[in-house]
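Participant: Sequence:
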Amino acid sequence: MKNKLNGRDFITIGIFNAIGIVIYMAVAFAMATTVIGGFIASGVSFMIAATVYILMAVKVKKKGVFTISGTLLGLIALSGGHLPHAVFAVIGGIICDLIIGNYESKGRMIIGYGTFALADFLGTVIPVIIFGTASFVERASKWKMSETQINEALSYFKVSWAVGFGLITFVLACIGAFVATRILEKHFEKAGVI
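Per full-length UniProt numbering, residue 1 is the first one in the sequence shown, and the count goes up by one each step.
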């Protein structure tokens, strides 16, 4: 396996990320119709998009795949004015690449992907816990959330809830990645796609 990404790799990463991000956004928007759904949206989105991301990773099998993916997610978050979310997405991608290493362990791929999703979730919650709720209230108003919904959401911005929802996010993403590795073994490897 050559270590450096080439032009073909960047095209592959771009195509798969486009598909993954569309899935992520569609699921996240659907989940965010309820307060609790909004808090588990990241985990459910990454669980459903796992096959796309894992297939991309095993097709390219080079360091930097998830760093680029995190950067692309970060650019989308940044376009919406969410700098902390963008930073966490990039950091999550870097950590994911470090955990996965040389792609020899499916377990490391699953844990790395779970960490990637967890970082995405933390990027939306930690800033509110640390810096206060003003930014969330401002965004929630733009999303047309009612005062009751905003107050309900604010009650979950506590460390204990963040840990619980973070754990749920990590587990859901790991489940998605595990299922994705099984699908790849059963269908894509036999078909010679990877």
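Honestly, I wouldn't trust all of these hints.
Stated by the list, open to error - Computed Cβ-Cβ distance ranges for the label pairs, DEER-style:
no., residue 1, residue 2, range
1, S146, G7, 19 to 27 Å
2, R182, Q149, 20 to 28 Å
3, I11, L167, 21 to 29 Å
4, R108, L75, 21 to 29 Å
5, E185, A134, 17 to 25 Å
6, I130, K4, 19 to 27 Å
7, L78, E104, 20 to 28 Å
8, G7, E147, 19 to 27 Å
9, T148, G80, 21 to 29 Å
10, S160, T33, 19 to 27 Å
If you are wondering where the hints come from, they were derived from the structure by calculation, not from laboratory data. By construction, the Cβ of each residue, glycine as well, lies at the ideal position given by its N, Cα and C atoms.
Participant: Take the hints in turn and mark each one as holding or not.
Facilitator: Now for the hints, and whether the structure bears them out:
no., hint, verdict
1, S146 / G7: 19 to 27 Å, "violated (49 Å)"
2, R182 / Q149: 20 to 28 Å, "violated (38 Å)"
3, I11 / L167: 21 to 29 Å, "violated (36 Å)"
4, R108 / L75: 21 to 29 Å, "holds (27 Å)"
5, E185 / A134: 17 to 25 Å, "violated (48 Å)"
6, I130 / K4: 19 to 27 Å, "violated (38 Å)"
7, L78 / E104: 20 to 28 Å, "violated (34 Å)"
8, G7 / E147: 19 to 27 Å, "violated (51 Å)"
9, T148 / G80: 21 to 29 Å, "holds (24 Å)"
10, S160 / T33: 19 to 27 Å, "holds (24 Å)"
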